[in-house]
Amino acid sequence: MIARHFGIGLAIVFIASYALAQGMADKGGTDKRRSGTQDMGGVLQKMQDDDTANPGMLFVQLGGELWGKASGASGKSCADCHGSVASMKGVAARYPAIPKGADAPVDLEGRIDLCRTANQRAGSLTSESRELLALTAYVAHQSRGFPITPPDDPRLAPFRARGEKLWQARQGQLNLSCAICHDDNAGKKLAGVTIPEAHPTGYPIYRLEWQTLGSLKRRLRNCLAGIRAEPYAYDAPEYVMLDLFLMDRARGMMLESPGVRP
Amino acid sequence: MDRRRFLAGTATAIGAIVVLPLGTASATPEAMAGAIRKVVGASQVREGRVSLDLPPLVENGSTVPLVVSVESPMREADYIKAIHVFNEKNPQPNVFTARLGPRNGRAVVGTRIKLGDSQKIVAIAETSGGQFWSASADVIVTLAACLDEAT
Amino acid sequence: MANVLVNAPKTAKRGSIVEIKALILHPMETGFRPGPNGRIIPRNIIERFTATWNGTEIFDMEMSPAIAANPFVSFFAVASESGTVGLRWTGDEGFVVEERVAIAVE
Amino acid sequence: MSRPGLLAAALALAAPAAVAQQVDLQVAPQIVGDAIPASLTGQPGAAARGRAIVANRGVGLCLLCHSGPIVEERFQGDLAPNLAGAGSRWSEGQLRLRIVDGSRLNADTIMPPYYRTSGLRRVARNFQGKTILSAAQIEDVVAYLATLKD
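Residue numbers (the working numbering), protein chains in the order written: chain B, 1 to 262; chain U, 1001 to 1151; chain W, 2001 to 2106; chain X, 3001 to 3150.
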């Protein structure tokens, strides 16, 4: 019974803190946006919130090990330059962003890989590899509870605008756009599954359907396959543009990484 | 969106295990009854003392939390020595068997299971005195386990 | 690259009952699923999870392919004496992982 | 509202690219008003086969968005009108056009075009040049929906 009470207590604390956080983000009290978490059953919400039950935390832990491990020709680890991972607080809430000296935005995975190739002088990590997901989860976890705050960089505007166009564009054999489902029909049932508003609050997410952790890119590819559209190449800039648009659309909402989703 | 195709794939896979020396081709209510009989032998199984905590409706069958709790003093003279869980529609009827004793203090086991479809789950507890108690629960699965989408 | 998350109290009152929760990274491949090439992906599961308290076995669980990927197990134990809780997962393809946590009993 | 020649021309243009449904694409549906009165195959469809197509989420896809009087299929969608009574609301010809290409009646419809291969963007490689359903399948679905009277 102690455990059960503890669990209920945790859930109450979570719901309360969540409501508080959302309330703070919503100064006018009119924000009706819903994180995917709010569309899940209580069981999955509890799984996400309990760090000893959230399977995404296995990857966060693994990311912690990698953080301290020297890699590449530099012989340095992430920790050698950045110190404690606490230095990463709030970072995930600001990505995608344009790195110094570059002229196009990268997502958080891209930024980590850039650090790896340019600074550690190590090999690039493959999309969806355990290492890249683990490091991303470790960094993103530091921003849990932070409001999404896209940077005020005017250079991002055209990329974000292209992301919005992609979001609105019909494609695939089924001739559907992201917006048709996730803007116009969110909250309704697609074959019994509630269509979420698609806010990128929990990435990387532990998706039960995947039975592992995955990135927003993987999630976008799933939707593209669903409407029978050709997925963009793994290194395509379209994913970053969509990410930029979605993060702006979710501005002020709280990060929950690592999220659990059905 | 093309989940049925994968379901069909799963069905083929279930068919394929007929050639494996596993004894059961796929779990059915009958196969589950057979698996339970193997555990309990000729003993009577009574309903009660066991509570099986599963969400009645799950969004995805790949990871379904389950807790079995059994009323027991968990003392040398009287304890739960095993908890068995069965299902009727996965490829095989056995889910897990946990062995416990007085050192546990409490006859409670939690884990997460896969459900290939909406189905009935049965938990059976075996007491140190050789009695069997059971509980069952029906779970509706919106999305079955073992599916995948092209990624 | 085994990865385990164990949750157990660091201290406990003598005679109290504590909960131990453990998560381990493992695909729990059922052996019933076809892969991208249409062939069945070979079974690769954890078959057994065992817990000891100062070397004495206190809990054991036989797993099947129906246990979800990245298995989670929770159980209880009487905090009888200070010591080490040993957790051990064994399975297909020679999988063996051991983890220890210390619990101080006051 | 109806531009029958355009759809026919579009389908004819798309035909050479098609493989699986090539035969179907030689069919040029004739739109009259808000309907395609004639069967795409020249034959009536079979309602029982149509029901199976509607019920199959990987083939007809219908129950992903619509609910319908198919009791054995749980978890039906609610994005789109219930299929019950479709046969009272629409004639066979009206149903046929709504399935073939509902955008001919409402450019903003979310109903996918089941019998069109032109004007689609970024179609996945394995579906390129193919229609969602064949002409014969559409006739079966039309025959089934026509039986759904209130």
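Just so you know, not all the hints are guaranteed correct.
[Stated by the list, open to error] Straight line, CA to CA, 35 Å or less: simulated DSBU-like cross-link-like pairs of lysine-lysine:
1) B/K165 / B/K69
2) B/K69 / B/K32
3) U/K1081 / W/K2021
4) X/K3130 / B/K188
5) B/K69 / B/K89
6) B/K69 / W/K2021
7) B/K188 / U/K1120
8) W/K2013 / B/K69
9) B/K188 / B/K46
10) W/K2013 / U/K1081
11) U/K1120 / B/K189
12) W/K2013 / U/K1120
13) B/K69 / B/K189
14) W/K2013 / B/K76
15) B/K100 / B/K46
16) U/K1038 / W/K2013
17) W/K2013 / B/K32
18) W/K2021 / B/K46
19) W/K2010 / B/K32
20) X/K3149 / B/K189
21) U/K1120 / B/K46
22) B/K100 / B/K165
23) B/K165 / X/K3149
24) B/K46 / U/K1081
25) B/K165 / B/K188
26) B/K46 / B/K32
27) B/K76 / X/K3130
28) B/K32 / B/K76
29) U/K1038 / U/K1120
30) W/K2010 / B/K165
31) B/K46 / W/K2013
32) W/K2010 / U/K1120
33) B/K89 / B/K100
34) X/K3149 / B/K46
Hint data in this document are derived by calculation from the structure and do not stem from the laboratory. Keep in mind that this is a model prediction, so the values were computed, not measured.
Taking the hints in turn, this is what the structure says about them:
A threshold of 35 Å between alpha carbons decides the hint, and for B/K165 with B/K69 the separation of about 41 Å lies outside it, so the pair is violated. Distance check on the hinted pair: B/K69 and B/K32 sit about 43 Å apart at the alpha-carbon level, beyond 35 Å; violated. For the given pair, U/K1081 sits about 20 Å from W/K2021 by alpha-carbon distance, which is consistent with the 35 Å threshold. Between X/K3130 and B/K188 the alpha-carbon distance is near 29 Å, which keeps this suggested pair within the 35 Å criterion.
In summary, the hint linking B/K69 to B/K89 is supported, as the alpha carbons are separated by about 20 Å, within the 35 Å threshold. With a C-alpha separation of about 28 Å, the suggested pairing of B/K69 with W/K2021 holds against the 35 Å cut-off. Restraint check for B/K188 and U/K1120: the C-alpha separation of about 28 Å stays at or below 35 Å, so the hint holds. At roughly 38 Å between alpha-carbon atoms, W/K2013 and B/K69 are farther apart than 35 Å, so this suggested pair is violated.
For the suggested pair B/K188 and B/K46, the alpha carbons sit about 23 Å apart, so the restraint of at most 35 Å is met. Distance restraint check for W/K2013 and U/K1081: the Cα-Cα separation of roughly 25 Å lies within the 35 Å cut-off, and the hinted pair is therefore satisfied. As the CA atoms of U/K1120 and B/K189 are separated by approximately 25 Å, the hinted pair is consistent with the 35 Å bound. Restraint check for W/K2013 and U/K1120: the C-alpha separation of about 40 Å exceeds 35 Å, so the hint is violated.
Simply put, B/K69 and B/K189 have alpha-carbon atoms about 45 Å apart, too far for the 35 Å limit, and the pair is violated. Restraint check for W/K2013 and B/K76: not satisfied, since their Cα atoms lie roughly 44 Å apart, outside the 35 Å limit. Under the criterion of a C-alpha separation no larger than 35 Å, the hint pairing B/K100 with B/K46 is inconsistent with the structure, at around 39 Å. For the given pair, U/K1038 sits about 41 Å from W/K2013 by alpha-carbon distance, which is inconsistent with the 35 Å threshold.
Restraint check for W/K2013 and B/K32: not satisfied, since their Cα atoms lie roughly 47 Å apart, outside the 35 Å limit. Of the supplied pair hints, the one linking W/K2021 and B/K46 holds, its CA atoms being roughly 15 Å apart against a limit of 35 Å. As the CA atoms of W/K2010 and B/K32 are separated by approximately 42 Å, the hinted pair breaks the 35 Å bound. Simply put, X/K3149 and B/K189 have alpha-carbon atoms about 24 Å apart, close enough for the 35 Å limit, and the pair holds.
The suggested pairing of U/K1120 with B/K46 holds, with an alpha-carbon distance near 24 Å, which does not exceed 35 Å. For a cut-off of 35 Å, the pair hint linking B/K100 to B/K165 stands: about 26 Å separates their Cα positions. About 41 Å separates the Cα atoms of B/K165 and X/K3149, which puts this hinted pair outside 35 Å; it is violated. With a C-alpha separation of about 30 Å, the suggested pair B/K46 and U/K1081 falls inside the 35 Å cut-off, and the hint holds.
With a C-alpha separation of about 23 Å, the suggested pair B/K165 and B/K188 falls inside the 35 Å cut-off, and the hint holds. Between the alpha carbons of B/K46 and B/K32 the distance comes to roughly 22 Å, so the proposed pair stays at or under 35 Å and holds. Proposed proximity of B/K76 and X/K3130 is contradicted: the alpha carbons are some 53 Å apart, above 35 Å. Annotation: proposed proximity of B/K32 to B/K76 is violated, straight-line Cα distance about 45 Å (limit 35 Å).
Distance check on the hinted pair: U/K1038 and U/K1120 sit about 19 Å apart at the alpha-carbon level, within 35 Å; holds. Proximity of W/K2010 to B/K165 is assessed by CA-CA distance (about 53 Å); at most 35 Å being required, the pair is judged violated. Of the supplied pair hints, the one linking B/K46 and W/K2013 holds, its CA atoms being roughly 27 Å apart against a limit of 35 Å. Proposed proximity of W/K2010 and U/K1120 is contradicted: the alpha carbons are some 38 Å apart, above 35 Å.
Using a Cα cut-off of 35 Å, the hinted pair B/K89 and B/K100 holds, with the two alpha carbons roughly 19 Å apart. In summary, the hint linking X/K3149 to B/K46 is not supported, as the alpha carbons are separated by about 46 Å, beyond the 35 Å threshold.
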